[in-house]
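**Student:** The whole structure should be built from the sequences, with the hints applied where relevant.
So the chains spell out like this:
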Amino acid sequence: MDTLLRLEDLTMHYKTKAGWVQAIDGVSFSLDRGQSLGLVGESGCGKTSIAMSIMRLLPYNAELVKGRILMDGHDLYALSDEEVRQLRWKEVAMIFQAAMNSLNPVYSVGNQIIEAIVTHEPETSEEEARDRAESLFELVGIPKERMDHYPHEYSGGMKQRAVIAMALACNPRLIIADEPTTALDVIVQDKILREIEDIRRKINMSMIYISHDVSVIAEVSDIVGVMYAGKLLELGPCCDVFKRPKNPYTYSLMRAYPSILGEKHDLATIPGEPPNLLDPPSGCRFHPRCDWATKECREVEPPWREIAEGHYLACHNPIKTQQVKSCMQQETAKGGEGIGASFGN
Amino acid sequence: MRRYVVGRLGQVILTLLIYITLVYFLLQAMPGDITMMYLSNPKIPQAAREELRTQLGLDQSLFMQYISYMKNFFKGELGVSFSQYPKPVWDILMERLPRTFVLFLTANVLSFYIGFVLGKVIAWRRGKAIDYAATVVGITFWTAFYPLLALVVIWIFAYNLKWLPLNQFIDPRLWSTAPFTANQVFGNMVYGAAIVGVGIFCIFYYLLRGLKPSRRSHVQAWSLTAALIAVALVFAQRKGILIYIWDITRHMILPVLTLTLINFAGTMLLMRDSMLETVQEDYVMAARAKGLPDRVVRDRYAARTALLPTVTSLVLSLASSMSGGMVTETMFSWPGLGQILFTAALSNDYPLATGALAFTGIFLLIAHFVADILYAVLDPRITYTGQSGV
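Chains A and H, in that order, give the protein sequences.
Per our numbering, the very first residue in the first sequence carries number 721; after that it's consecutive.
Per our numbering, the very first residue in the second sequence carries number 46; after that it's consecutive.
Hints in this document: simulated from the structure, not taken from any laboratory.
Watch out, some of these pointers could steer you wrong.
Calculated cross-link-like contacts (lysine-lysine; reagent style DSSO-like; alpha-carbon spacing at most 30 Å) [as the list claims (entries may be wrong)]:
{"hint": "1", "chain 1": "A", "residue 1": "K922", "chain 2": "A", "residue 2": "K864"}
{"hint": "2", "chain 1": "A", "residue 1": "K735", "chain 2": "H", "residue 2": "K173"}
{"hint": "3", "chain 1": "A", "residue 1": "K737", "chain 2": "H", "residue 2": "K173"}
{"hint": "4", "chain 1": "H", "residue 1": "K132", "chain 2": "H", "residue 2": "K120"}
{"hint": "5", "chain 1": "H", "residue 1": "K173", "chain 2": "A", "residue 2": "K786"}
{"hint": "6", "chain 1": "A", "residue 1": "K1040", "chain 2": "A", "residue 2": "K1015"}
{"hint": "7", "chain 1": "A", "residue 1": "K1015", "chain 2": "A", "residue 2": "K963"}
{"hint": "8", "chain 1": "A", "residue 1": "K963", "chain 2": "A", "residue 2": "K810"}
{"hint": "9", "chain 1": "A", "residue 1": "K911", "chain 2": "A", "residue 2": "K864"}
Some chain A residues close to chain H (C-beta under 7 Å, calculated; not the full set) [to be verified]:
{"hint": "10", "residue": "L777"}
{"hint": "11", "residue": "N781"}
{"hint": "12", "residue": "R808"}
{"hint": "13", "residue": "W809"}
{"hint": "14", "residue": "N824"}
{"hint": "15", "residue": "T839"}
Don't be surprised by glycine CBs; every beta carbon is placed ideally from N, CA and C.
**Tutor:** Put into structure tokens, the structure is as follows:
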């Protein structure tokens, strides 16, 4: 498989009155064509900043300190604004965090999709674009008669589908879905996730899912990246990461989510809160909240290393499988159940 | 929608009734009456004064006067002016109305357009030099004392530079031999401007409405507009009124300039605020992510939704300007509605003053009505069918 997107040591800071906010620090990963990547982490840990960096839609106070984003081998930040504008939606489309609000209230939904098509493909006539928009509507399951309706006449789920249809309008090679289903109820959420996955497999498109919801990420991602405080702590194939988590943060994050299957267990919250990125902790950024933290964790930044084929980790004291097992046994004894059951696929 | 319109029209008529009543009694509450003006004139004997009062109906009780006024008002009779006896009020108002209308419509549309465009640009480039410059200049004019600004403008352009006439709305030397009356030319100007305006609207509507950027031909639209205006001018020349139109236009420039200077900042700041909110909206970010050109994102996404609240200010300023901006018309000796209202009030000419104010009220009510309809046209979320939009 060939690499579509590669982030190399991406470091991006926001300038604020209080100082530099280190929103993304040394993030590297690569994504193959047709692969889906899930980025998971607490709110404010830099997931959306990564998405915006890839779209090159960062606010004016953001500064790329170092690193590169390569799309198909081309450095995105070496292109001119106009070139980037033409790349957007054609190469990388996005499903926004608040899909509900990402439709313009004063134009019909169909027109907003047609507009995207004719902007990027000047040779397409408006009528052809309309036909394509109609088939997109069918693909995401909205009756095509609803094309001329305005966003406020849609239900939440329909808006979400319309936004997905819009993202698919120019056949992009990569779609970034930033919390695509957070605003929806669980049933619709599941349905829409499945639909996105179906479409993605059908047209061999790459996808980056961004969510704070571990269960969503576990359901749809081929590879998973766990982010904390602007850094990637663990990255690897979905089943590896969630079945045998190596980073204590990954493990804590998983324990903080309830499981529908299996028996009840107490949710283990992670004490404390994510650090202030104006002045992140020394060493490993997670150490103040980590049960396994040692002196080394407090002082030395853990290196980003490959511990198994495609499984990367930044941690001085990776969890041993036995440790996880013993924890799981404790939980089982308490009437809980294992991690494998909740996230196995 | 139709039920809404009918119901709303009923409201308009009821409000008008209350408004006229209030205006009527307020004007009557002023001390004295028209005959008092002759008080210091010893040549008019008391008996003649009484005779005059009887003739004008001022000897009847206030209530009876009110009843007969209202009866006539809804028959379209506004009575006879006291101070310009025996000219009917209607004739005086109809003579004055077009002048006021042309002047203030031009000034308002111009200041709204300038305010809208500037507000849009400075909101898009907030924090840049142009933002500060436009805001400072705009607020300076906006807070300026209006009569003083008018005097300064007259002093610079009419007195010092002598580019433009000092006051009045026509040059008597030119018009003494004119085969038309000023009002005929005014009438033609209004009709002509209306036709050209509708034409320009159609041109832009049909040429620029496409979703496809390549299909939106600005050059074509502007050249067609220029051609339309040229045709209108040639037509006026052929009819021999071009020179008179030019004379009126020359006289209009200073008041329009002053009104625009003082008013544009209102729309500009409103637009700026409104747009600073819409640029934060997710759909503006989404439009950018869609790879739409910057201009399209600004105009079709951010500015289009930001326009909605500013329309209110346009309509209301249009309506209130029909009262004729007494100050403007006095400063520039513009013989319009505001000026006549002023002199009528001073000379206790109740029928004329009431009539002038009634027209102001009617315009204001119609403007509100039009604004409500316009909202529904501009914002698909607003419907008047009884179901709520959002």
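**Student:** Each hint: holds or not?
**Tutor:** Going down the list of hints, with the structure as the test:
1. Proximity of K922(A) to K864(A) is assessed by CA-CA distance (about 21 Å); at most 30 Å being required, the pair is judged to hold.
2. Restraint check: the Cα-Cα separation between K735(A) and K173(H) comes to about 18 Å, which is no more than 30 Å; the hinted pair holds.
3. Between K737(A) and K173(H), the direct Cα distance comes to roughly 18 Å. Compliance with the 30 Å bound is thereby established for this hinted pair.
4. Of the pairs offered as hints, the one joining K132(H) and K120(H) holds, with about 18 Å between alpha carbons and a cut-off of 30 Å not exceeded.
5. Taking the CA atoms of K173(H) and K786(A), the gap is about 27 Å. The hint holds against a cut of 30 Å.
6. Using a Cα cut-off of 30 Å, the hinted pair K1040(A) and K1015(A) holds, with the two alpha carbons roughly 19 Å apart.
7. Of the supplied pair hints, the one linking K1015(A) and K963(A) holds, its CA atoms being roughly 28 Å apart against a limit of 30 Å.
8. For the proposed pair K963(A) and K810(A), the alpha carbon gap of about 36 Å is over 30 Å, so the pair is violated.
9. Using a Cα cut-off of 30 Å, the hinted pair K911(A) and K864(A) holds, with the two alpha carbons roughly 20 Å apart.
10. Interface hint status for L777(A): upheld, as the beta-carbon distance to the closest one in chain H is roughly 6 Å, under 7 Å.
11. Annotation: N781(A) was flagged as interfacial toward chain H, and the flag is violated, the nearest CB pair being 11 Å apart, outside 7 Å.
12. Residue-level restraint check for R808(A) holds (minimum Cβ-Cβ distance to chain H is 3 Å; threshold 7 Å).
13. Annotation: interface hint on W809(A) holds; nearest CB of chain H at approximately 4 Å, less than 7 Å.
14. At about 5 Å, the closest approach between the beta carbon of N824(A) and any beta carbon in chain H falls short of 7 Å, and the interface hint on this residue holds.
15. Contact between T839(A) and chain H, as hinted, is supported at the beta carbon level, the nearest pair being about 6 Å apart and thus within 7 Å.
Of the numbered hints given earlier, the model fails hints 8, 11; all others are met.
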